[in-house]
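Read off the chains here:
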Amino acid sequence: DQQVKQNSPSLSVQEGRISILNCDYTNSMFDYFLWYKKYPAEGPTFLISISSIKDKNEDGRFTVFLNKSAKHLSLHIVPSQPGDSAVYFCAASVYQGGSEKLVFGKGTKLTVNP
Amino acid sequence: KAGVTQTPRYLIKTRGQQVTLSCSPISGHRSVSWYQQTPGQGLQFLFEYFSETQRNKGNFPGRFSGRQFSNSRSEMNVSTLELGDSALYLCASSLGSSSAGYTFGSGTRLTVV
Numbered sequence: 025d026q027q028v029k030q031n032s033p034s035l036s037v038q039e040g041r042i043s044i045l046n047c048d049y050t051n052s053m054f055d056y057f058l059w060y061k062k063y064p065a066e067g068p069t070f071l072i073s074i075s076s077i078k079d080k081n082e083d084g085r086f087t088v089f090l091n092k093s094a095k096h097l098s099l100h101i102v103p104s105q106p107g108d109s110a111v112y113f114c115a116a117s118v119y120q121g122g123s124e125k126l127v128f129g130k131g132t133k134l135t136v137n138p
Numbered sequence: 026k027a028g029v030t031q032t033p034r035y036l037i038k039t040r041g042q043q044v045t046l047s048c049s050p051i052s053g054h055r056s057v058s059w060y061q062q063t064p065g066q067g068l069q070f071l072f073e074y075f076s077e078t079q080r081n082k083g084n085f086p087g088r089f090s091g092r093q094f095s096n097s098r099s100e101m102n103v104s105t106l107e108l109g110d111s112a113l114y115l116c117a118s119s120l121g122s123s124s125a126g127y128t129f130g131s132g133t134r135l136t137v138v
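Going line by line, the protein sequences match chains A and B.
Using the numbering used here, the letters of the first sequence map in sequence onto residues 25 to 138.
Using the numbering used here, the letters of the second sequence map in sequence onto residues 26 to 138.
None of these hints come from the bench; they were simulated from the model.
Hints may contain errors.
Unchecked claim - Sample of chain A residues with no beta-carbon within 12 Å of chain B, all distances over it, derived: (1) Val28; (2) Gly40; (3) Asn46; (4) Lys62; (5) Phe89; (6) Ser93; (7) Ser109; (8) Glu124; (9) Asn137.
As the list claims (entries may be wrong) - Simulated pairs of lysine-lysine, DSS-like, Cα-Cα distance not exceeding 27 Å: (10) B:Lys38 with A:Lys95; (11) A:Lys92 with A:Lys80; (12) A:Lys133 with A:Lys29; (13) A:Lys61 with B:Lys82; (14) A:Lys95 with A:Lys29; (15) A:Lys80 with A:Lys29; (16) A:Lys133 with A:Lys95; (17) A:Lys29 with B:Lys82; (18) A:Lys80 with A:Lys95.
What the hints assert, rightly or not - Cβ pair distances, simulated, as ranges: (19) B:Gln79 with A:Asn137: 32 to 40 Å; (20) B:Ala27 with A:Glu39: 42 to 50 Å; (21) A:Glu82 with B:Thr78: 36 to 44 Å; (22) B:Phe85 with A:Ala94: 27 to 35 Å; (23) B:Asn96 with A:Val102: 41 to 49 Å; (24) B:Asn96 with A:Gly40: 46 to 54 Å; (25) A:Val102 with B:Ile37: 39 to 47 Å.
The C-beta atom is built at its ideal place from N, Cα and C for all residues, glycine as well.
All chains should be modelled from the sequences, with the hints used to inform the complete structure.
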């Protein structure tokens, strides 16, 4: 049962254009959503997050949008740069068994072409 | 400050053997979580330890176990290794209060042959 889904395994965009990465979830109990970025041979690094009570959070070139009714969130990167090429993981936080637990999607590989 | 350190970085084991992976969290972080990353399944939660107690566990067989020491360092053990256990094992540490504070290590790449 996959509670967090990233349906696009890969995405390719031109430098300077917008990158939009999508994520769907099924569990209404998720209270926090996060995006992580991962380069090969490195661990994921935290990028941006959003609380379930908000619908938008912005940090520089990165903006996350949350549509609770659709159980959908997206990450916008504007403008995209070649250094943004990485695998992006969507994650959702749920309080379970006495602690917070992160549930991850399978990731979307973003390639930004110069 | 030093990040999350995982050792070893790479490991090759034979089916049926057991393996122990180590994770040293960021100083002051008391929560350590372990994840398995495979190409087809993404990151899957294994377990989380806080102050030497396992607080949460994912849907993995009993062959996967872990522990945390008084200095917050954590180990995970996999017994009777199977080919399907080949994966990148990631450790993340946090203060224990917010998922946004998770810092991941670079992982241990385990290959079972």
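Hint check:
1. Val28: violated, 9 Å
2. Gly40: holds, 29 Å
3. Asn46: holds, 15 Å
4. Lys62: With a cut-off of 12 Å, Lys62 (chain A) comes too close to chain B, as the shortest Cβ separation is near 8 Å.
5. Phe89: holds, 17 Å
6. Ser93: Consistent with the label, Ser93 (chain A) stays out of reach of chain B, its closest Cβ about 23 Å off (over 12 Å).
7. Ser109: At about 18 Å from chain B, Ser109 (chain A) clears the 12 Å cut-off, so the statement holds.
8. Glu124: It is violated; Glu124 (chain A) is separated from chain B by about 5 Å at its closest Cβ, not greater than 12 Å.
9. Asn137: Asn137 (chain A) clear of chain B: closest Cβ-Cβ about 23 Å, beyond 12 Å.
10. B:Lys38 with A:Lys95: Status violated; Cα separation ~41 Å.
11. A:Lys92 with A:Lys80: Status holds; Cα separation ~11 Å.
12. A:Lys133 with A:Lys29: Holds: Lys133 (chain A) and Lys29 (chain A) sit about 14 Å apart, inside 27 Å.
13. A:Lys61 with B:Lys82: With a Cα-Cα distance of about 24 Å, the restraint between Lys61 (chain A) and Lys82 (chain B) holds, given a limit of 27 Å.
14. A:Lys95 with A:Lys29: holds, 11 Å
15. A:Lys80 with A:Lys29: With Cα atoms ~20 Å apart, Lys80 (chain A) and Lys29 (chain A) stay inside 27 Å; holds.
16. A:Lys133 with A:Lys95: holds, 22 Å
17. A:Lys29 with B:Lys82: With a Cα-Cα distance of about 21 Å, the restraint between Lys29 (chain A) and Lys82 (chain B) holds, given a limit of 27 Å.
18. A:Lys80 with A:Lys95: holds, 14 Å
19. B:Gln79 with A:Asn137: 32 to 40 Å: Given range 32 to 40 Å: violated, Cβ gap about 45 Å.
20. B:Ala27 with A:Glu39: 42 to 50 Å: The hint (42 to 50 Å, Cβ to Cβ) is violated, given that Ala27 (chain B) and Glu39 (chain A) are roughly 34 Å apart.
21. A:Glu82 with B:Thr78: 36 to 44 Å: Cβ of Glu82 (chain A) to Cβ of Thr78 (chain B): about 38 Å, so the range 36 to 44 Å holds.
22. B:Phe85 with A:Ala94: 27 to 35 Å: The hinted range 27 to 35 Å holds for Phe85 (chain B) and Ala94 (chain A), with Cβ atoms some 31 Å apart.
23. B:Asn96 with A:Val102: 41 to 49 Å: holds, 44 Å
24. B:Asn96 with A:Gly40: 46 to 54 Å: Holds, since Asn96 (chain B) and Gly40 (chain A) (Cβ atoms, about 48 Å apart) stay within the stated range.
25. A:Val102 with B:Ile37: 39 to 47 Å: At roughly 43 Å between Cβ atoms, Ile37 (chain B) and Val102 (chain A) fall inside 39 to 47 Å, so the hint holds.
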